[in-house]
Amino acid sequence: MSASRRKKRSRGRGSGPPASGPDASQLERLDQFRWQIPTSYKAGMRVPGVIYSSDAMLPTVVSDKPLEQLANVTFLPGIVGHALAMPDVHWGYGFPVGGVAATDVRHGVISPGGIGFDINCGVRLIRTNLTEEELRPRLKEALDALFRAVPAGMGTKGRIRLTHKNMDRVLRRGAAWAVEQGLGWPEDLEVAEEGGALAGADPNAVSARAKERGSGQLGTLGSGNHFLELQVVDEVFEPSAAAALGIEQPGTVVVFLHTGSRGCGHQICQDYLQTFAQAPSSRAIELPDRQLACAPLRSPEGQDYLAAMACGANFAWANRQAITHWTREALAGVFGRSARSLGMDVVYDVAHNIAKIEEHVVDGQLRRVCVHRKGATRAFPPGHPELPSKYQEVGQPVFIPGDMGRASYVAVGTQGAMEQSFGSTCHGAGRALSRSAARRQLRGVNMVERLGAMGVGVRARNPRLLSEEAPEAYKNVADVTAITHGAGISSNVARLRPVGVIKG
Amino acid sequence: MPANTRCARGHATFDHTADIGLEAWGSTFGEALAEAGLGLQAIVLHGGTVRARDSRTFRVAADDADALVVAWLSELLYALDVHGWLSASFEVSANEEFQLSATARGETLDEARHVLGVGVKAVSYHELAVQCESDAVRIRVIVDV
Chain A
0 MSASRRKKRS RGRGSGPPAS GPDASQLERL DQFRWQIPTS YKAGMRVPGV IYSSDAMLPT
60 VVSDKPLEQL ANVTFLPGIV GHALAMPDVH WGYGFPVGGV AATDVRHGVI SPGGIGFDIN
120 CGVRLIRTNL TEEELRPRLK EALDALFRAV PAGMGTKGRI RLTHKNMDRV LRRGAAWAVE
180 QGLGWPEDLE VAEEGGALAG ADPNAVSARA KERGSGQLGT LGSGNHFLEL QVVDEVFEPS
240 AAAALGIEQP GTVVVFLHTG SRGCGHQICQ DYLQTFAQAP SSRAIELPDR QLACAPLRSP
300 EGQDYLAAMA CGANFAWANR QAITHWTREA LAGVFGRSAR SLGMDVVYDV AHNIAKIEEH
360 VVDGQLRRVC VHRKGATRAF PPGHPELPSK YQEVGQPVFI PGDMGRASYV AVGTQGAMEQ
420 SFGSTCHGAG RALSRSAARR QLRGVNMVER LGAMGVGVRA RNPRLLSEEA PEAYKNVADV
480 TAITHGAGIS SNVARLRPVG VIKG
Chain B
0 MPANTRCARG HATFDHTADI GLEAWGSTFG EALAEAGLGL QAIVLHGGTV RARDSRTFRV
60 AADDADALVV AWLSELLYAL DVHGWLSASF EVSANEEFQL SATARGETLD EARHVLGVGV
120 KAVSYHELAV QCESDAVRIR VIVDV
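Those protein sequence lines, which keep their order, are chains A and B.
If you use numbering that gives the first Met the number 0, the first sequence closes out at 503, no skipped numbers anywhere.
If you use numbering that gives the first Met the number 0, the second sequence closes out at 144, no skipped numbers anywhere.
Source of the hints: derived by calculation from the structure; they are not laboratory data.
As the structure is a computational prediction, the values presented were derived from the model and not from experiment.
Where hints are given, some of them may not hold.
Lysine to aspartate or glutamate pairs mimicking EDC-like chemistry, simulated, CA-CA at most 16 Å apart [unchecked claim]: (1) A/K139 <-> A/E418; (2) A/K156 <-> A/E211; (3) A/K156 <-> B/E90; (4) A/K389 <-> A/D344; (5) A/K156 <-> B/D109; (6) A/K389 <-> A/E211.
Chain B residues, not near chain A, derived (Cβ > 10 Å throughout) [what the hints assert, rightly or not]: (7) C6; (8) G9; (9) A51; (10) S54; (11) T56; (12) A87; (13) G105; (14) A111; (15) R112; (16) K120.
Part of the chain B face toward chain A, derived, beta carbon under 7 Å [stated by the list, open to error]: (17) A11; (18) D14; (19) I42; (20) L44; (21) S88; (22) H113; (23) V117; (24) G118; (25) D143.
Where is the CB? At the ideal position from N, CA and C, for every residue including glycine.
Start from the sequences, fold in the hints, and give me the full structure.
Okay, structure coming up:
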């Protein structure tokens, strides 16, 4: 192959080293918590970008690269209102992690990069009747039981091997399939976004490879930032909302689960990036980053991706459902009581890497839009028809993992989110250090001992990876949730403190 | 730029906030692709020698150089995920039509001997670059972990 041809091709679709992004002087301050990248920043921006931050956090955000990525997101055809960056935003690929963008369903596009490789990566919270005092003496036993029950780590083979037929059922029906197999309680389905199964899923839109990668991985945690944690309610900020969620008592033990669609979802995203690269409807769209590849929502490719994405999302819900069941079994075994008597109800299940067709008011008009949430959590307000009856009065529960040493937050959705952010809020603390920087900083530190000294028990398939996920590697989730709460896009309900961590 | 950049071929990682950047270089595109494969494996495998017990062939085609890098590394992720395949060495050739053929020597994952590192979910196009320099082809790619 000739060198010149390679070079030309390489540049042709806008790959290669990027601009570093707008500096603070190019941002317009809107209010205490919001800054704007005006459309004048870069030719091709269709709408402004809006960043949620604070005076203290903004310099860190600006020095990373997410704001250039946010500006690039506004190039998407049919984008409405503004593209948003949540306060936990950081450099991702294509979209920044912590990004939200809504596109008009009639003339807008869908971008797999705006959902991410881990389709329906999300968080589930399960409450218990246990107190920290009851857990502490049996923490070691509980962690051992959970570590045995829930396969963790890369490439793990799960406890279930799905046949072709059952794989298609999982892709179509999500968590409901798992519950029918005895992996859970019927009421678990009422407290998940979309009831644990996104409509429109079509297994025919999913490649054989994606199915093959997923067929051995149902009910597995994966690696990286995924986890299964035992936490306790540390402080309650809104007692009535906390009571509705069943976590009003400080000291109550809860289970926090963070995982997604495993190899199945990763392959679906990878497959459609290739499909979009070859589809004429998609090729006609000029974008500053190839990872933003998109197709008109109404095109056959766009519709196929939506149907495949729903399958990936459903795999993730079935995955979290199976893990829920084994978690209940494990703790029931340790405490010698049934999961029912331990009060192990699912509080809620949120998807923070997904696109949804929703109705939002944009410039005074009600519009149907495709809301891309890439590292952002839906935060619907009280009274929203999508919410289960038990949360009609308090709003949608939102779970915001922090880090394994400090805290995580529970919040609820607000009317402010509907008015400002397409019903969205943050999804976590956001990374502060790269993986190698975290390793360098913690060289020689025994993370298991260190977390033990902080009162946190750990079981990890590869303990050497723990330093990459150390508390120092993340921003302080308290700072992030102070912004979302202050800006009114979600309302803090309680702070949780980790006591036990299962990692890949 | 890695410190050992004078070597004719090699690979190294570079920092990305949440994911991992991988740089690979060689005197031909095929060599650089082989190094990218070894670099990917160095991310997913933290310990234990991969023995050249078996061989496996790969054929991948794409529309351009960037897409070929993504398709090749995705192929290796698939082989690891589904077959537990680990490679000890690669012979890779790529032609002008962006068709790649590769022979890998290696073995199937043995959890008693191999320590897995961080799982790579997929290969991103973000900031992907294939650059031809006077005496080397250099690939830069970010993988999602």
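Taking the hints in turn, this is what the structure says about them:
no., hint, result
1, A/K139 <-> A/E418, "violated (46 Å)"
2, A/K156 <-> A/E211, "holds (12 Å)"
3, A/K156 <-> B/E90, "violated (29 Å)"
4, A/K389 <-> A/D344, "holds (13 Å)"
5, A/K156 <-> B/D109, "holds (13 Å)"
6, A/K389 <-> A/E211, "violated (38 Å)"
7, C6, "holds (20 Å)"
8, G9, "holds (17 Å)"
9, A51, "holds (20 Å)"
10, S54, "holds (21 Å)"
11, T56, "holds (17 Å)"
12, A87, "holds (18 Å)"
13, G105, "holds (15 Å)"
14, A111, "holds (14 Å)"
15, R112, "holds (14 Å)"
16, K120, "violated (4 Å)"
17, A11, "violated (11 Å)"
18, D14, "holds (4 Å)"
19, I42, "violated (10 Å)"
20, L44, "violated (9 Å)"
21, S88, "violated (21 Å)"
22, H113, "violated (10 Å)"
23, V117, "holds (5 Å)"
24, G118, "holds (3 Å)"
25, D143, "holds (5 Å)"
The structure is inconsistent with the numbered hints 1, 3, 6, 16, 17, 19, 20, 21 and 22, although it conforms to all the rest.
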